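Asker: In case you want the letters, here they are:
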Amino acid sequence: MAERSKKRSRRKKKKERIPRQPMPVRPAEVRNKDFTEVALGFTPELAQKEAQRCIQCANPECIDGCPVAIRIPEFIQLIVDGEFSAAAQKIKETNTLPAVCGRVCPQEEQCEVVCILGKIDEPVAIGRLERFAADYEREQGDVEIPELPPSTGKKVAVVGSGPAGITVAYELLRKGHAVTVYEALHDLGGVLVYGIPEFRLPKAIVADEIDTIKKMGAEIKLNMLIGKTRTVDELLDEDGFDAVFLGVGAGLPWFLNIPGENLNGVSSANEFLTRINLMKAYREEYITPVKVGKKVAVIGAGNVAMDAARSALRVGDEGTEVSIVYRRSREQMPAREEEIHHAEEEGIIFRLLTNPVRILGDDDGYVNGLECIEMELGEPDDSGRARPIPIEGSEHVLDMDTVIVALGTSPRTFISDTTPDLETSKWGNYIVNEETGATSKPGVFAGGDIVTGSATVILAMGAGRDAAKAIDEYLQG
Amino acid sequence: MHKILSKEKLAPKIYRFTVEAPPIASSRKPGQFVVLREFEEGERLPFTIVDSDPEAGTIDLIIQAAGYSTQRLCALDAGDTILDILGPLGKQTDIENYGTVACVGGGVGTAVIYPIVKAMKEAGNYVITLNGARSEDFVILEEELEEVSDELIVTTDDGSYGIEGFGSTVLQKMLEEGREIDFVVAIGPVLMMRAVAEVTRPFDVGTIASLNALMVDGTGMCGGCRVTVGDEVKFACVDGPEFDAHLVDFEEQVAKLGYYHEEEDECRMHKLPHELEQEKA
Ligand SMILES: Cc1cc2nc3c(=O)[nH]c(=O)nc-3n(C[C@H](O)[C@H](O)[C@H](O)COP(=O)(O)OP(=O)(O)OC[C@H]3O[C@@H](n4cnc5c(N)ncnc54)[C@H](O)[C@@H]3O)c2cc1C
Ligand SMILES: Cc1cc2nc3c(=O)[nH]c(=O)nc-3n(C[C@H](O)[C@H](O)[C@H](O)COP(=O)(O)OP(=O)(O)OC[C@H]3O[C@@H](n4cnc5c(N)ncnc54)[C@H](O)[C@@H]3O)c2cc1C
Ligand code: SF4
Ligand code: SF4
Ligand code: FES
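Chains as they are written, first to last, in our numbering: chain R, 595 to 1071; chain B, 317 to 597.
A hint or two may mislead.
Some chain R residues near chain B, calculated using beta-carbon distances under 7 Å [what the hints assert, rightly or not]:
#: 1; residue: N817
#: 2; residue: T823
#: 3; residue: Y876
#: 4; residue: I881
#: 5; residue: G959
Read the hints as simulated data drawn from the structure, not as lab findings.
Quick caveat, the model's predicted, so the values are computed rather than measured.
All C-beta atoms, glycine included, are put in the ideal place defined by N, C-alpha and C.
Please work from the sequences and hints to get the whole structure.
Answerer: Take a look at the structure:
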């Protein structure tokens, strides 16, 4: 008896001990010279092996960790059963952009951090499985479009085509409302197309996932800057829309406000990444210029800084040296651990506890140095992070010819300037009812970065889902 | 897709296009511009909206062939299309009744200044327009400007037409002779605008310049168009393109415009469509 139970427990233990499956990636010294995707994705075998790790909790906490509440154990079971396309369909019941989220979601802080397995072992690789299912379905070419109910005769204008706007469009189309998407740029996707680089999120995949809303009948109007080309009031009063959703993101880049910031060779990460991603400057046949010198400093340590640094390495000539310059320490870097790790592997230099104070230039107005001061960590500040304090007399000049500033962004004011009854905070973010996304203006809803400040793809999508529900109720009521 | 309805040659390398863009035609104001992208692989480039016809849904652009992209644009004909046009962008000119306004246009800046001259006149100003060009062949919009100005003075650098010299010199003379001028608008090459600013500064005449900063998106998202005005950093596409010329750091602008020169040279190795056709033939 004792023998048998020992045996059984040993066997059980063995099943539990499938290790978390690592993501296959391209070798760092190869990938850091091109824009092809870094992570290769699970094979069906790896995916099934990983999926088997999930113990199908009766009370799956992972679902609460996901801002759009994907039925995680159910889709994972479908992968175990080899029903990969069905798994993708299951995910899409609540997530419009699974191939995107599976790639860029900060899973380790959301669904995976609460996965029960994480308490004894490593959590299930939920994001990687999500990516696998979505990629599988797309590669099979049998992506299913949800069936649409009869038209309600109501029209909604969705302003901005980032994750928030796309989600709202999808959800409202599913309810039978007519949707027109207005986008200021010449391509749909918001930060997904102009910010996050190809090697982390291939643009063809973004386009494919967004295509769904086109197939569902959304009308798309590109190159329309609401607040300039048309105002929100004109959309409501003249163009016949019954409601408007504003998912316009936080696009205005911050600078450091230090001397020398307007020298040639200094740009925002937004400009640098837009030239590369939206304007495809890294591709031979595209003519928008982008350039970096031999020594590039990227200021900041968030995801945006990592993306800029890794892109600079790729567009730079052989031997280009790229540094992250950050005033706090490694533990406090806001970027995802995976991104920091990839950046390190690819050869990005980390200059930590280093704060830029001045950018130096030559007689022709070109950057030729970055003056910094060393920092040490003091008491925690309001954000709970140790406050960096300058060390007196530690000023030194780093030899740099290119500076990319990646400090964050804030809202632009085209819409608030022309919509007097839209309430905003003193930072320009729109003030909304947290549950419904309703703004101070009747019939106008908002969500995503424009409300929260720079956040994440999945939070913008979650806000979009909530707003879509509220808009649907508003249209019926 | 925006169809080009007509094309007219104004001077060597300078063309006027009438293009379909209904929503922009009905919302644009003087001083505003568009950002366009001619073809998928092309750059996004800013151009002033010179005129519009809201009923016909068209806008007029005057484009000077400078580098690769503008040469390509100038090779287009009526019936061809432009892939994307975004606008109207930027702030409109502060049109007021100032009294007497001098509008100094240089080169293709004369095109940019035309809608402002027109609006200043409509606002009741006495408008003196100084239309400067390199030589006779390069003088543009003479008739149109004549119609909307109270006085039109044409200058050419080489004296082949009108008064020999620069608009800024003529303006200086006027001010020295005691002509009452209440407001000045200067649009043209950076060095010309700087010269005008220096002319009006001692006379304390309010002066604005329209900065042709390098732009990418034109929507305040990239910061590539930043300019120093006084002790503030502004985005030309959102806060401008017009700024107080007495406060603009023109040196910085000169340095910035040269930043992508090498890349432009590389770009010139691409063949223009008509060159490709010629090769084929
Ligand atoms: C470089 C970079 C890397 C990032 N990496 C990650 C990551 O790894 N994981 C993650 O979760 N998040 C990441 N983020 C953050 C994430 O991308 C954003 O939080 C998310 O895209 C916000 O979505 P949104 O729909 O609110 O706005 P956005 O994606 O910003 O989209 C807004 C859209 O609205 C358009 N628009 C703006 N104003 C107007 C107007 N007046 N009229 C018409 N259209 C307008 C804009 O052109 C834009 O297309 C990253 C951000 C950047 C910049
Ligand atoms: C708000 C605004 C309004 C404008 N309106 C007009 C207009 O109505 N008609 C017109 O012909 N041009 C106008 N321009 C300038 C026009 O955008 C540039 O000539 C064009 O971008 C150059 O493109 P390119 O690639 O052909 O030339 P490039 O090869 O890039 O440039 C050729 C030369 O022009 C300089 N240059 C490059 N970009 C600019 C720029 N943005 N402004 C000024 N010089 C530049 C370069 O340094 C170089 O010396 C305007 C610019 C701005 C910012
Ligand atoms: S969308 Fe993000 S949070 Fe939700 S399950 Fe997928 S990876 Fe996790
Ligand atoms: S918490 Fe983890 S183990 Fe439990 S159902 Fe979710 S993914 Fe599976
Ligand atoms: S052109 Fe990008 S911010 Fe002005």
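Asker: Give a verdict on every hint.
Answerer: Against the structure, the hints:
no.: 1; hint: N817; verdict: 4 Å, holds
no.: 2; hint: T823; verdict: 5 Å, holds
no.: 3; hint: Y876; verdict: 12 Å, violated
no.: 4; hint: I881; verdict: 5 Å, holds
no.: 5; hint: G959; verdict: 3 Å, holds
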